[in-house]
Every structure is written in structure tokens, then in C-alpha cells.
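Asker: Full structure from sequences and hints, please.
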Amino acid sequence: MQRQSTGIAALDELLGGGLIPGTLTVVMGATGIGKTQLGLCYANAGKTQDSQRGILFDLTSRGDSQNHADYADRLCNWRLLERSIDATTTLEQIWDPEQTRRDYLHIFQHSGKRVTANDMDSDQWREWKYEQAKKLDRAIAFFYGNFVHGVRRCVIDGVEPALKAADSIQLELFEYVYHQILHKEHDWVARDLFRVGFRENQSKISAHAYDHSQLGCLLLYTSHEVMLDDLITRPIESGDVLSNANTIILMGKTREGNKMGRALHVAKHRGSACDESIVPYQITEAGIVLS
1 MQRQSTGIAA LDELLGGGLI PGTLTVVMGA TGIGKTQLGL CYANAGKTQD SQRGILFDLT
61 SRGDSQNHAD YADRLCNWRL LERSIDATTT LEQIWDPEQT RRDYLHIFQH SGKRVTANDM
121 DSDQWREWKY EQAKKLDRAI AFFYGNFVHG VRRCVIDGVE PALKAADSIQ LELFEYVYHQ
181 ILHKEHDWVA RDLFRVGFRE NQSKISAHAY DHSQLGCLLL YTSHEVMLDD LITRPIESGD
241 VLSNANTIIL MGKTREGNKM GRALHVAKHR GSACDESIVP YQITEAGIVL S
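The numbering of the sequence shown is our numbering, which starts it at 1 and goes up by one.
It is worth saying that the hints were derived from the structure and are not from the lab. Bear in mind that the values here come from a model prediction, so they are computed numbers and not experimental data. Any given hint could be a false lead.
Below, a list of computed lysine-lysine pairs in the DSS-like style, where the Cα atoms sit at most 27 Å apart [stated by the list, open to error]:
1. K135 - K204
2. K184 - K268
3. K164 - K135
4. K253 - K268
5. K184 - K129
6. K184 - K135
7. K184 - K204
8. K134 - K184
9. K164 - K253
10. K184 - K47
11. K184 - K164
12. K164 - K129
13. K268 - K164
14. K134 - K164
15. K204 - K47
Answerer: Okay, here's the thing in C-alpha cells:
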């Protein structure tokens, strides 16, 4: 089995050679700790391993931009091609990589809304659910349209912390993507997308088949906790996305005397040997550098 590289050789070494295809990896840490840069390195590594870079699915609904385009250009010499949420993709365009192959989709662009049940009343929650339902077809088209053209890894970014996973509209959409798109046979995903047009396109669907067990997913999850020690001791609640992850990488601040630093820790890597050391790292102009 070929591991998926994170794009950071020293981190691959900690992971016993890299991430396991067909599984979920959660990278958890506070905002500004370097999660997005790590995610872009992982996506960019697909160019070498899979002949196609990975894709980015941005769930941010408010706050500052994650700077994906700037990071991608500076760190990877990669000009992100964005799929506008307002753009319509006809079913015939799915088979044309010039029309369909896009790197980035910001699903809740310009919504500016809160994303947890505790921050909303019942009417606002129903409005969110309605908006999410409207955008599911576009999400399916984005993922399927990239997978049929050779993409084998995805990064999901912008998930805000929530007291309970069930109270987060972002995590609810992530669960749909993970179970109903990433972990589903390609032809069943095609059925959800093409619906009545499935049989008409069946020959093309078969010709563009892909193995969903080779799809890797990196979820970048923002935590309340800033310090690495607090992340390591953080309890995992029932239904927490961490409980279902194959691999968990924690990124947090450290303190030594009057100096602050950054370090990461591989808290879980099921089915593989891994180094459980706490490893300091720096964020440089060239990206994340492990000490």
C-alpha cells in the first residue's frame, strides 16, 4: 500500500511513511497555528504522487480569509483555480476537465452567518439547513468532477469549534461529504449527481470510474485550546469527529520560560507505527519546518 505524503518529509517520517489512503486525518489546533499551510502542502504533494494536486473545500462562513490562494502561490508555486459557488455546472461539462477541474470551492462564501446551534434561534437554524440543502448538488459536482479526472486527496478547511458536533452546521455538512461522497462507490455518487440522467451517462460513468478507497481526506479543525498540552489532554466527546478519525495531528503553542514556540504531536495513527514525540516546528517563508 502506497502511503500519501503530507508534503513535509519530516512529518511523513513521524507517520511511518505518510498517511493511509481511504482514511480521515484530522489536524487540530487554534487559529493561526499553521493548519492551512500543512493542508496545502498535503494537497500539493498529489501532483507528484497522483499526477493531480488535491482539492480544497472551504467551510468558512465568516471572519477573515484563510489566505489559501496566497499560501498556495508562495509555498507551492500553485495558482488556485476557484469554482465559484454561483457557477452552474451542466452534467455534460463534468467529463471535460477544462470545465470541471477546479482546485477550490468556498461553499458558504459571503454568508457571514454563525455556524453553531448555540448561536442561533430555531428560525436561523432552519434557514441554515435550507441553504445547506441548496448547495449539496454543487458540492457533489465539485468532488465528483475532480475525482473522475484523477484527484485522490482533499482538504476540508474552515471548521469552527463547537461544544457538540451535533450543534455544528459545518460538521454536519462535513459528515455528509465524508460518508455520502468520499466513502461511497463512484457510481452511487454519480447517481446522486445525475439522478434521472444516470442511465444516459452510464457508459461515461463507467469509463471514468475511480476507487474511493484510495481517496484521502484531511480535515483542518479549529480548536478553542491554544496550548499543545491542553490539546493533548482534551477529552473526546461521543460523536466527536476525532473519535472516527484514523489519524490525529495536534498543533499548538508551547511555553519554555519566557519564550513561546510551536510544536506538533501525532496523537493517533491507527494501523501504523508512528513517532509519538512532541516535535517543535517553525513557520518560515518556505512553510512549516520541523526541528
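Asker: If a hint holds in the structure, say so; if it doesn't, say that too.
Answerer: A quick look at each hint next to the structure:
no.	hint	in the structure
1	K135 - K204	25 Å, holds
2	K184 - K268	24 Å, holds
3	K164 - K135	23 Å, holds
4	K253 - K268	19 Å, holds
5	K184 - K129	23 Å, holds
6	K184 - K135	19 Å, holds
7	K184 - K204	18 Å, holds
8	K134 - K184	21 Å, holds
9	K164 - K253	24 Å, holds
10	K184 - K47	24 Å, holds
11	K184 - K164	26 Å, holds
12	K164 - K129	17 Å, holds
13	K268 - K164	21 Å, holds
14	K134 - K164	24 Å, holds
15	K204 - K47	25 Å, holds
Violated hints for the displayed structure: none, as all numbered hints are satisfied.
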